[in-house]
Structure formats: structure tokens, C-alpha cells
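Just so you know, the sequences run in chain order P and Z. The end of the first sequence is residue 312 by this note's numbering, with every number in the run present. The end of the second sequence is residue 289 by this note's numbering, with every number in the run present.
The reader is advised that the hints may include incorrect statements.
Said to hold, decoys possible - Derived SDA-like pairs: lysine to any residue, alpha-carbon spacing no greater than 20 Å straight-line:
id: 1; chain 1: P; residue 1: 225; chain 2: Z; residue 2: 97
id: 2; chain 1: Z; residue 1: 259; chain 2: Z; residue 2: 80
id: 3; chain 1: P; residue 1: 309; chain 2: Z; residue 2: 128
id: 4; chain 1: P; residue 1: 309; chain 2: Z; residue 2: 168
id: 5; chain 1: P; residue 1: 225; chain 2: Z; residue 2: 168
id: 6; chain 1: Z; residue 1: 224; chain 2: Z; residue 2: 128
id: 7; chain 1: P; residue 1: 213; chain 2: Z; residue 2: 263
Hint data in this document are derived by calculation from the structure and do not stem from the laboratory. Values in this document were obtained by computation on a predicted structure and should not be read as measured data.
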Amino acid sequence: MKHANCSKEHILYLKKKRRKSVLINLARVGLLVVFLGVWELLAQLKVIDPFITSSPLRVAKTIGDLYRNGTLFTHIGITLMETFIGFFIAVILGYTIAVLLYMSDSACKIFEPYIVVLNSLPKIALGPLIIIWFGTGYSSIIFMTALVAIIVCIMNTLTGFLSVDKTMITLMQAMGAKKRSILFKLVIPASLPSLINTLKVAVGLSWIGSIMGEYVASRAGLGYLIVYGGQVFKLDLVMTSTFILCILAGGMYGIITLIEKKLTK
Amino acid sequence: MILSFNNVGYTYHTRDGETNAIEHMSFGVERGEFVAVIGPSGCGKTTILSLTAGLLKPSYGEIVRENAEFGYMLQRDALFPWRTVEANIFLPLEVKKRNTPEMRENALRLAEKYGLKDFLKKKPNELSGGMRQRVALIRTLAAQPDILLLDEPFSALDYQTRLKVCDDVQGIIKSEKKTAILVTHDMSEAIALSDKVIVLSARPATVVAEHKIDFGGNSPKSRRECPKFSETFEILRSELGL
């Protein structure tokens, strides 16, 4: 910012802008504080039954208990590991498949109906099969995670490839470029923004996949805690796990936004 | 004769049927000549360039090219926004696998000669429309083509920029002594820029007339000011049936 040669109006304008963004951030934090406060208050006053709704203090206490008996980070670690591995498999494999489909027009046409059907199929329907094939360990959850995310990765990436400016493709062809060189010099860099969007969608889907996987079969993880808490009516545990999930999912999204800023600078 | 079309025809095939784009077309281009091809819109002008560059094969007839390299300049500059100006200029060298230090140096020399020195490290979106078109021309010249194929390269620009870029591009092409084929639907542009104007009919396109333009000196500006300009304009207009 060059404040030295700014007019007074401009400084005023900047001040106004800054004040507005401060206000918005305050409102954001305020909303959360008010929500938690009202929740706690209603629970304390027994207006709502904390046995069913839990309460912020109970959640904090549960986190403390989990931390003290040493299982907090085990559960978080396991779910994170499943989500990350599933996410990476989905993104890398999905991207590779999209590249192959892009390179062959016929392959693209042949596989299209299958991809569309797989996309609309609710993946949880495959739960029993996945357990039988992969057992009740991490591998079946990772498989589920990858399965949920990969189809969208393929479709989004391919759409990104196909929406590259036709004039630029003509230009490359006129220079005598082969399809391979068009892919590496033009299509891949040009579709970078769509890749980042794909990553964002894939993060959300990977969380769905891993938690869903843990619902179906697991012995640890945040999804397991939620199911277990529900079964034994420990709703504090359910709320706590959900709360931790919110933080983790937000954090992962934040990392991708950071990558986006780095890449599109 | 660096290029000649001898009785060339071209037919497009689509699922809905076939379209005769070009029929019995013959014309020639001399080395160093600036040829403008004009015709009603949709008459297959771009097809002529694609045939010339060998991107399409004629349905009949033959196209004789003297051992020549082509450089293509399109309606829109199509600069890659993620590359710097410099990297955009090097693109054809990379694609044609001639990314040698000499070729790069030559490309940079061209860029400096035509006023792009201070912009080399910038991204295309920091440049004005006219400047971007100049970068597109230097990119085309970087691979040292013998013939430049210009496909309405000014049509995306506003009128004032257009006049300026016209002068600019013509000046650069002349001083680099390149052969150029320009397709356009703009009659005044054709007269102002070229040594020879080829007039096409509506589809299927064939050559209606050829005019040598030899008045008013070499710059587009002096051409436009010459009294014979409007005379020629009228002739072209009636030949195009407007």
C-alpha cells in the first residue's frame, strides 16, 4: 500500500473498508459465542435436557476425559489418516484417469455412462460388499473414502480439461503441437483453477466417506465414537466427536485455501 | 512463388451433411508479398489458412509450398495467462522443439526491437489489448516462420486500437521481410495493409478478382490518405456485391 501519495478520501475509504472487515470478523466470533452461551445457559437452567442435547461444558469435559485416558489423539489420528489416504488416492487416481480419458476420445465416450451411473449410486450401498472384500480394518474405510470422492474427481477434472479455451488449442495445433504437448503445456496449467475446486469438493466428500465407512465397520475413529456414543446413549460423546470433526474439516479446507493462494498468486 | 493454390477445393463433412467451402480456387503468393484475402463472412476464409498451413488436406487440386514454415496469428491473442510475456514468446520454440539458446536470443531481440523489453517479465493481463496483440505477433515470429497467416487478427480490438495495431503489425512484418496472408472481412484494412487483395465469392468460395495495390507508399496511414484508396474501396465493394 502506498499511503504516502493517497488523497484524504482514499485514506478514509480504506479506513471504512478495514472497519467493516473487523466488524464482520467480530460478528462471526460473536455468533459462535452467543450460540454456545445460550446453549450452556438453557442446559444449566434445565430448559433443555443436557442428557439429550449435551452442553458446551460437558463437551469440554468429555474432551478432557478423552485426553486424559489417552484415546483423544488415537481417534482423531485414525480418522485423519483414513480421510487423508482416501483423499489422496481419490485425487491422484481420479486425475490420472481423467488424463487418460482426455487423451482418448473413444475411451471417454465408452466410459461415460459407467461413470455417470457410479456417480449417482449411493456408495454406502456397497458397504456390506466392502466389508466382505476388505475386512473391518482401515483398508475398507479407506476404500470407501476413495470410492466416494473419486468419481467427482474424475468428472470435475475432465470437465476442467474440456473447457480449456478452444482458441488456445487451435493455436497449439497451428504450431504443430501433438496431443501430449497440448496436454502438458496448455490443458494442465489452464485447468489449475478447476483442480483446486475439485480438491475442495473432494475434501468434503472424503470426510463423508471416512465417517460413513466408520459407521459401517470400525473399532476406532471419530465416526466410531459417534456411533458408539449413540448406541450407549452417551450424547456428550456424540457432540464432542461432531465438534472435533467440525474443527478438522474446517482446518483441512483452510489448508486447501492456502494452497490455492500459493498457486494462483 | 512461395505458395500457390492450383484449382483447390475443400468440402466439410458433418453428421448433418456436407458443405462445399471452397471450389476451384487458384492464386499465388510471392516471397515477401503481403496478400489480403477478403470475402463475405462465413465464406471459408479461415479454411484457406488451415489448408495453407497443412492443418487440412484439400479435397481436390494441389497446394504447392516452397519449403516454408508457417506461423499462425489468430483473432484473439490467445496468450497463456499463467505464463509471462517472455514465456509466451518462447512457447512455439518449446512446441517445435527448437528451444535453443540462439532461438531464444533471437526471439528476445525481436521483443526488444519492437518495444516489449519492459514487459517481458509481466503477465499478459497487465498489458493493453494492442500490446497483447503485439506480443502475439512476436510469439508468431519467434519460431522464424517464412509465411505468416493472419486470421482477422485485429477484429477483437476496438477501432482506435485497431488502426494503431494495424500499422504496428504491418510495419513489423515489412521490416522483418516476411510473407503474409491476411484474411479479413474489412475492406479498408485489406487495402491499407496489403500488396495484393484477393476477393472471394460467397460460399462455395472461389476467386472473383485480384488487385495489385501499389499506391500511397508503404504505410497503412499514407495509403488511407491517398485518393485512390476510396476508389479501390468502391471497386472491392461492388465485387463483394455490397
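Status of the hints after comparison with the structure:
| no. | hint | result |
| --- | --- | --- |
| 1 | P:225 to Z:97 | holds (16 Å) |
| 2 | Z:259 to Z:80 | holds (11 Å) |
| 3 | P:309 to Z:128 | holds (16 Å) |
| 4 | P:309 to Z:168 | holds (19 Å) |
| 5 | P:225 to Z:168 | violated (28 Å) |
| 6 | Z:224 to Z:128 | violated (30 Å) |
| 7 | P:213 to Z:263 | violated (39 Å) |
The structure does not agree with the numbered hints 5, 6, 7 stated previously, though it agrees with the rest.
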